[in-house]
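Protein chains in written order, with my numbering: chain A, 5 to 406; chain B, 4 to 456.
It is possible that some hints are incorrect.
[Said to hold, decoys possible] Now the stretches of chain A that chain B is said to cover, found in silico as 3 or more residues with beta-carbon under 8 Å: (1) 140 to 149; (2) 202 to 215; (3) 221 to 231.
Source of the hints: derived by calculation from the structure; they are not laboratory data.
Glycine included, every Cβ here is placed at the ideal spot set by N, Cα and C.
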Amino acid sequence: MLTADLVRVQRRSGHLHIIKLEGAKARRAEALATELIGILARSRGAPRTQLLEQWKAVDHKASEKRLLEGLQKLLLDDCEFETLEGAEPAEVRSLVFSLATTRRRALPDGEQFDREAVLREAGQVFGLPAAEVDRRLYADLKGAQRLSRFAQPSPEQLVADYKRSSCQAVLLKATAVEVDLFPRHPAAARRLFHRLKFLRLLYELRPEGAGYHLSIDGPLSLFSSVTKYGLQLAQLLPALERCGPFELRASLLWGKDKAPLSFSLTSPGCADGAGRDEAAPEVNKLLQQFGKRNSDWSLAPSQALLDLPGLGTCVPDLLATHEPTGEHVHIELLGFWSRAAVWRRVEWVEAGMEEKILFCCSQRLRVSEAVLGEGLPAALYVFKGVLSPAQIEKRLEALRLR
Amino acid sequence: MLTLTFHAGTLELRGGDLPQAAQLGFVPDPRARCLRAPARRYAAILTALHRGDAPYEDRAKAYGELPHGLQVRRTLRSYQSEALQGWEAQGSQGLVVLPTGAGKTLVGMEAIHAKNRHSLIVVPTLDLMRQWADRLRLHFKQPIGLVGGGSHQVEPITVTTYDSAYLHMDHLGNRFGLILFDEVHHLPGASYALAAQSALAPFRLGLTATPERDDGRDQLLDDLVGPICYAKHVDQLAGAYLADYDVERITVELSPEERAAYDASRALYTGFLRQQGIRMSSGKGWSEFIMRSARSEAGREAMAGYQDQRRLAFAAPSKLEVVDDLLHRHRRDQMLIFTQDNATAHRISERFLVPVITHQTKVAERSDLLDRFRQGDLGILATSRVLNEGVDVPAARVAIVVSGSGSVREHVQRLGRILRPDGEKRAVLYELVAGNTGEARTSERRRRHRAYR
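All chains should be modelled from the sequences, with the hints used to inform the complete structure.
If you want it as structure tokens, here you go:
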């Protein structure tokens, strides 16, 4: 990932803009990428310092410094370096420094310390000439390590990586983000909320227009603006991209002066994964089977997110509509998830979840339908083998009448 | 019933309200439907809950008492006893300021013994982490946890680094009743301060020789740890409890070639500053220079000029000749060599075949070098900034500061490296300054301390 200092940005009226790489600028970036990749390809076995110096010498304008260093960082992230084979430099140093200490302490007044004599004496122990001892002394320093493996992307790929990584790098300096989100799919939305939980971020969710509004930050954000959660917010971006179209606004503390700036991002800006998720096969199958029934109930993919602050967010897969009355019941297919997932939902219902909902889980999870009593707006359908549309309809009807 | 829980460095209160919630630091949190306060407020919150009428359950605290206290005890010096009494009189919160070599670690261990609670010790470097762990293991005779440098083992007494504390306090913050910040002047940095706010430890002790910070953020220490409860400075203990010392500044004139190269590089840099109207004496001068130097060819040349003139002043061959002479003069003394940058430290190491410790030195080698230096098998150690503070090197008598920053704290800490008492030794610190360069002004800045009498 890029670091924030390697992103090409402009500050304008309190807003941070990523400088777009389009047209001639994109071609220039690809030309720089071509040169860097070429140098890399010719540097197998070369010391890291030499590679970096050759990269540094690539002809560029002052305004291209960040781009050049950013492209280098992305290439370096996929490189592996090795230390020279043979006598371990640490062993060489250990002996050389001991010998030097002894010789220096024994020097009479007026006699100079003889560096070459120490190296020769060490060389006799290792069976190496003095010059080789000298060369190995710091051969394990990062800069002296040799390039052994590297990835070789195309210049276009490298520049595309730079663009994508720039968005994440800006979020490293975010104190909070606001997102207008239009989930394409329950499975993707569910992954997003799992990710939020995994990253220990806190959020507020409310319906807005055709989608939802998410305010995301961390526990300490309540007391002061901190970039402590910047890494988590950056790590959330791929899950947002997969969830569906979004518009993101971030509050940043940018640069050494920690200037408060805002930053905006819309999904096409850096997403190429949005909308890839398809509905889970069991959901499609149930939709097809249910559609063939002669029923008062119809099923449709759900766009709903049922938020329970402090507990979690329930993401139903389907919305069941009772056509004669227009009443709704949500359906979430837990399938073969863990027992813990079922208990979590029982907890949500007992904590006051208001929407009517049917949870469907496999018998293999060894839970009883009785865990959700009749007085509650939710029911559990424990299925054996495959989901039965008839059993679902029966439970939907029972829920409707509660 | 009111329930207090710990969550990611904060305290959550559910099940009702507290009349004085706002004064205690609680803020309503709609994201989690609770009242939330920084973990630092734990002691005050618990006192309020205890005094209130409402029943409550404290699920936040996850620390207990130590299996036993100190198993090996040393008689405290009078100022160490006074420091400990001062700290306890202040509610077991606050800073003890003692010069390097005056036995701060001992004061810290006695504080842990006195409170007898699970304790976390936070230190700035991996070397110090290992050093504290060794001392604690020896004196408490129980396993000592380590969090940092690839280790993650939590025990009733655990040592960690400031970096790891920042990363892990979200889940470690409720597991210790006492938190001890060694070299506490590091704590007020924006990130590290969050670690102190995210811990609920009611007992807090900060140890340092130099609480002052150039950025003035030392003011925050009152809130994060507590006010200074005891202070003694180098000149108050030198002679009686610390080695007596001399400071000798050696001005090194650059050779004509070095001078010409230095002047040419500096002209590029200063010319750019003038042309751009950047005043380095202003608070934002440096960041302005960084920003503008990236925008033009002239800026890039100015930045290269700046770096060249620094390199020439820091590691001029003429300076290294003086180092050569001092190495010879003190060839039978234990000696530390300090530089501002790693490149100079390595140049010295390669030229004079003396061991060097930088942040790149691996843990095993670093420990080995320090052990051999302590035992006297090695006579010289060069370092950039790793040994600036804390690391116990009792036998060093001579220090050479080849180059350094303008930081008073750094300079006092470097002096402290040679002040640990060792018989009748008289310590000496040589400061090499390239004459008629920017370094002379830097040197003046860092010597503004009573230790440089």
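If you check each hint against the structure, which ones fail?
none
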